[in-house]
Amino acid sequence: MVRVKNRYLVVSLLYPAASTPGVAVVPVAQFHAPTPDAVHPGQFMRMLRDGIAELFGNYGAGMVNNALKVNYWSPATSTAIIRCPREHYQMVWAALTFVTKLPKPANTPVVVKVVRVSGTIRKAEEEVIRRAKLLIQSAKAAESPQHDPMMESVVRAVDRRRELESTVLAQVDPGEESESESE
Amino acid sequence: MMWSLSPTSILAGCQPIFAQSSPVPQPLPFPTPSRLRILRRCNIFLTDAANNFRIPQLQQHYDLIGARPTDEKTLQQACASLDVDIISLDLSQKFEKHFKYPMLGTAISRGIKIELCYSQALLSNDATAKRNLISNATQLIRVSRGRGLIFSSEAKSVLGLRAPSDVINLASVWGLGAEKGKDALTKEARSVIEFSRLKRQSFKGIVDVVYGGEKPPVVEASEQPQKKQATQPKDQKRKARNSLEGTLGEEKPISKRQMKKNKKANEQST
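Same order as they appear, the protein sequences are chains A and B.
Quick note: the first sequence, position 84, residue 84 per this note's numbering, numbers continuous.
Quick note: the second sequence, position 178, residue 178 per this note's numbering, numbers continuous.
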């Protein structure tokens, strides 16, 4: 039997305008504010559907509609995993790029960043966990007041090293290369 | 850090003021990371083709010169003759004519990059502006054949910025392949900066001394006469010279008897 193939987009929500003046935030965690509780995945999904319909019309909405689903939603870390059909994941990604505001009750300005495009949900989950760990580590390192000369030198060395492309660009799983290019 | 060099982070001094220095303060009034290179960019609005823009003067004060043509004539001028680094069109308006390859091709072959700004497509509430931007962007991608393009945000706030891979995806949806989209964000953006730097600093924009090296140590004068002695006068025939060398040469092979003597001496000493 032929399996229906999907792509899983690991998405992180960034809040550039969220820095409230009263609360001092670590610079690392500045954009990574938690998502307001008023937003639930259903609303996000509706917003995404509307976005796809706006960008790609009825054709896009119809192509994407039956596979689109939020598999994982974490307001605390502002990450989500979104499932979409493999042939049209670029449409969903573009629609996510065009999102500027959270749905109605929250209405916060938001930037949606796709962090990883994965073919299996397991890899997507691993990526979510890895990201969360990294964020916590860097926040802790920035928060701790005592100076450790050894740690500092390590941090400096890492800072000096050029950032690898893989850390900046989202990793996109291969497969369907020829088809996506011919589109 | 290469990513920080992409045009999204370029500080723009918008007004072409012909003062002695640029309006962007030289040490910036806020702290910056040590490894961040900040570039100054001047955007010139081309309204009249007959105007003299005094670009050489501007080039001394800015790292990058961008041109924004407002109509067909100025676009033609910018592509063909103006000495700018970037042509950035206002994509949210509708152009009367289609872009033509010969015009943009000359610009690209001269090393001028064409800038596509995506932020207005994301933020503007005007649906026609969005539509125009997408149609213009796809046309530019088609006409330029994916070469000589750079993506930048033209964002007025942080909200208009997107992550590089998001931009690459957007480009591939708009008809630029993923590979060329990546080039537009990384290779082309860097080449703009290096090209403009070469224009400013190098000899006629071609030769640049990266590292001159040290001066070679002065050869000692005493070596010269010795060599002269060793060389033979030229009027002698080769055979005769060879036989002479045999008698004169310092590197005469040691005779077997001498070798044995040496060996014995060595053994005794150890």
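Because the hints were derived from the structure by calculation, they are not lab data.
Any given hint might turn out to be false.
For each label pair, taking beta carbons as the anchor points, the in silico distance ranges come out as [as the list claims (entries may be wrong)]: (1) Leu28(B) with Thr77(A): 51 to 61 Å; (2) Ser81(B) with Pro41(A): 37 to 47 Å; (3) Ser109(B) with Lys133(A): 44 to 54 Å; (4) Thr77(A) with Asp71(B): 25 to 35 Å; (5) Asn66(A) with Leu28(B): 45 to 55 Å; (6) Asn71(A) with Glu72(B): 45 to 55 Å; (7) Ser81(B) with Asp37(A): 38 to 48 Å; (8) Asp71(B) with Arg122(A): 30 to 40 Å; (9) Pro41(A) with Thr128(B): 43 to 53 Å; (10) Asn66(A) with Lys187(B): 33 to 43 Å; (11) Leu28(B) with Arg3(A): 30 to 40 Å; (12) Val158(B) with Ala76(A): 32 to 42 Å; (13) Arg110(B) with Arg122(A): 45 to 55 Å; (14) Pro102(B) with Glu143(A): 57 to 67 Å.
Negatives, chain A to chain B, calculated, CB over 10 Å [to be verified]: (15) Glu87; (16) Met91; (17) Ala94; (18) Arg131.
Ideal Cβ positions, reconstructed from N, Cα and C, are used throughout, including at glycine.
Going through the hints against the structure:
no.: 1; hint: Leu28(B) with Thr77(A): 51 to 61 Å; verdict: violated (33 Å)
no.: 2; hint: Ser81(B) with Pro41(A): 37 to 47 Å; verdict: violated (56 Å)
no.: 3; hint: Ser109(B) with Lys133(A): 44 to 54 Å; verdict: holds (49 Å)
no.: 4; hint: Thr77(A) with Asp71(B): 25 to 35 Å; verdict: violated (50 Å)
no.: 5; hint: Asn66(A) with Leu28(B): 45 to 55 Å; verdict: holds (52 Å)
no.: 6; hint: Asn71(A) with Glu72(B): 45 to 55 Å; verdict: holds (51 Å)
no.: 7; hint: Ser81(B) with Asp37(A): 38 to 48 Å; verdict: violated (60 Å)
no.: 8; hint: Asp71(B) with Arg122(A): 30 to 40 Å; verdict: violated (56 Å)
no.: 9; hint: Pro41(A) with Thr128(B): 43 to 53 Å; verdict: violated (33 Å)
no.: 10; hint: Asn66(A) with Lys187(B): 33 to 43 Å; verdict: holds (39 Å)
no.: 11; hint: Leu28(B) with Arg3(A): 30 to 40 Å; verdict: violated (55 Å)
no.: 12; hint: Val158(B) with Ala76(A): 32 to 42 Å; verdict: violated (22 Å)
no.: 13; hint: Arg110(B) with Arg122(A): 45 to 55 Å; verdict: holds (51 Å)
no.: 14; hint: Pro102(B) with Glu143(A): 57 to 67 Å; verdict: holds (59 Å)
no.: 15; hint: Glu87; verdict: holds (13 Å)
no.: 16; hint: Met91; verdict: violated (7 Å)
no.: 17; hint: Ala94; verdict: violated (5 Å)
no.: 18; hint: Arg131; verdict: holds (13 Å)
This entry does not satisfy hints 1, 2, 4, 7, 8, 9, 11, 12, 16, 17, going by the numbered hints stated previously.
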